[in-house]
Amino acid sequence: MHHLIVKGVVVGLTILLIVAVVVFALIVTPPPV
Amino acid sequence: MTWIVRGMVWFGLYMFLILLPLATAAIASPSRVSPGLLGEIGVGLGFVGLALMCLEFALISRIKAAAQAFGEDSLQLFHNLMGTVALLLLLAHPILLIVTGYPANCWLNPFASCANAITRAAALALYALILLVGLSVWRKKLNIKYELWQVTHGLFALFVLIAAMVHINAIGRYTSTPIMRAVWLVYAILVAGLLLYYKILLPILSWNKTWEVVENREERGDARTLLLRPVDHKGYSFEPGQFAWLKTGRTPFGLGQHPISMSSPGDVEPGGEVAFTIKNLGDWSGEEVPALKPGDRIWLDGPHGVFSMDREQAMGYVFIGGGIGITPLYSMLQTMVDREDVRPVLLFYGSEDWEDLTFREELDELSNQMNLKVIYVLDNPPEGWEGETGYVTADVLRRYLPKQYKRFIYFICGPDPLMDAMEEALPQLGVPRENVQTERFAMV
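These protein sequence lines are chains A and B, in that order. Residues in the first sequence are numbered consecutively from 25, following my numbering. Residues in the second sequence are numbered consecutively from 6, following my numbering.
Treat the hints loosely; a few may be bogus.
[Unchecked claim] The calculated label-pair distances, taken between Cβ atoms and stated as ranges, are:
(1) 32(A) with 411(B): 30 to 40 Å
(2) 389(B) with 32(A): 38 to 48 Å
(3) 35(A) with 187(B): 25 to 35 Å
(4) 51(A) with 316(B): 37 to 47 Å
(5) 343(B) with 40(A): 43 to 53 Å
(6) 187(B) with 54(A): 21 to 31 Å
(7) 32(A) with 163(B): 24 to 34 Å
(8) 399(B) with 54(A): 21 to 31 Å
(9) 7(B) with 35(A): 17 to 27 Å
(10) 146(B) with 35(A): 16 to 26 Å
(11) 315(B) with 40(A): 55 to 65 Å
No wet-lab data here; the hints were simulated from the structure. Don't be surprised by glycine CBs; every beta carbon is placed ideally from N, CA and C.
Produce the entire structure from the sequences given, and follow the hints as far as they go.
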């Protein structure tokens with residue numbers, strides 16, 4: 025497989041994971057009292 | 006199932022496993038108060054980073070069904086890059102928690118008076134991970150022997166995972182819930198299973214499948230060809246262009262395995278001989294390989310790889326090889342002769358000088374037996390040389406490619422600068438990306 029594709033997948037996946045973590049944090053953080 | 010569908014299924018499974026701890030944590034009800042948004046982001050990065058680390062084992066465990074969808078050198082590159090991503094996420098994990106108020110001294114200094122088993126496990130896991138990635142990135146610059154690095158790499162990785170698992174289980178916030186404990190137990194079983202399969206089961210299965218050195222001959226370009234025959238077993242056939250992991254030594258459990266392309270034709274009859282051509286790069290290839298003599302035993306794990314013309318049918322082929330990257334291409338050419346394949350092949354073969362061209366005479370012979378044109382490109386040509394000089398470039402390709410070149414399939418194997426140059430040059434020439442197949446022999 026083309027190595028540029030692999031590098032592109034890694035960049036895309038990293039961004040997706042960071043977004044997923046932020047969404048997770050927004051879900052689990054209780055609203056300020 | 007096509008390779009693309011298979012690839013999507015495997016990638017989907019990979020994504021599911023990375024996100025599983027995060028999704029489980031989101032629906033679990035932790036027993037203690039939240040450290041706030043920034044702190045929860047830190048916790049989430051820790052979960053994702055640890056899941057990535059666990060799956061790093063799967064990426065290099067030679068599971069053929071997965072490797073065939075992507076190619077082993079691509080999986081290896083993905084493993085390398087995701088290892089660095091995991092390190093960055095796991096570095097951000099304590100930083101964000103410290104920013105939200107966790108005491109830095111207790112969490113980063115395992116010798117601090119306030120440190121306990123939880124913080125020590127976390128700090129040691131982090132420092133071991135930094136070492137693990139650092140030694141991999143700078144192995145060649147630090148001049149660490151490949152066999153030694155391979156052992157330390159496995160041990161450090163195992164240590165990181167055990168220390169990290171101890172850390173998250175002892176913290177017991179999200180892991181106080183049974184569902185979260187179950188998820189991490191699945192990961193621990195997955196890693197243990199992969200290690201057992203890769204380090205114990207595979208060597209045991211190959212114990213009685215040794216190969217005997219029939220011949221060890223010198224080749225041009227400071228390389229050697231090992232001709233091997235299976236001892237009391239059928240051996241294997243392979244698709245031309247594939248490779249195997251070679252293991253020398255007294256048992257298949259020993260240190261160091263080396264990925265080497267077959268340089269003999271595919272379509273091997275049961276019990277048939279197989280050849281490997283190995284360039285002297287120092288250590289194993291420069292010390293152990295030249296010392297092998299007829300009668301010595303070797304273990305093979307193969308065949309592996311998807312770099313083969315058998316998977317890419319076309320009206321013609323363009324092979325681009327550099328240095329010892331010629332070996333899988335040479336295997337494909339010999340197989341075409343054996344199959345009386347009359348399709349045209351253009352071989353661009355880059356080398357330092359004329360005397361270094363491994364299989365030079367053999368390629369000239371092959372060009373008399375099949376529809377093959379070889380274009381040598383020499384960096385340091387001899388006096389009176391009228392052929393191509395310098396490196397294989399888009400201009401060199403343009404001078405020789407036939408009119409219908411966009412419908413040909415391209416196979417490229419060689420050192421990284423050649424691979425990078427071709428991955429850039431071929432799209433510029435209008436060659437569709439799906440027509441370009443690559444294999445980086447410097448994948449480990």
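Structure-based check of all given hints:
no., hint, result
1, 32(A) with 411(B): 30 to 40 Å, "violated, 23 Å"
2, 389(B) with 32(A): 38 to 48 Å, "holds, 46 Å"
3, 35(A) with 187(B): 25 to 35 Å, "holds, 32 Å"
4, 51(A) with 316(B): 37 to 47 Å, "holds, 44 Å"
5, 343(B) with 40(A): 43 to 53 Å, "holds, 47 Å"
6, 187(B) with 54(A): 21 to 31 Å, "holds, 25 Å"
7, 32(A) with 163(B): 24 to 34 Å, "holds, 31 Å"
8, 399(B) with 54(A): 21 to 31 Å, "violated, 59 Å"
9, 7(B) with 35(A): 17 to 27 Å, "holds, 25 Å"
10, 146(B) with 35(A): 16 to 26 Å, "holds, 25 Å"
11, 315(B) with 40(A): 55 to 65 Å, "violated, 35 Å"
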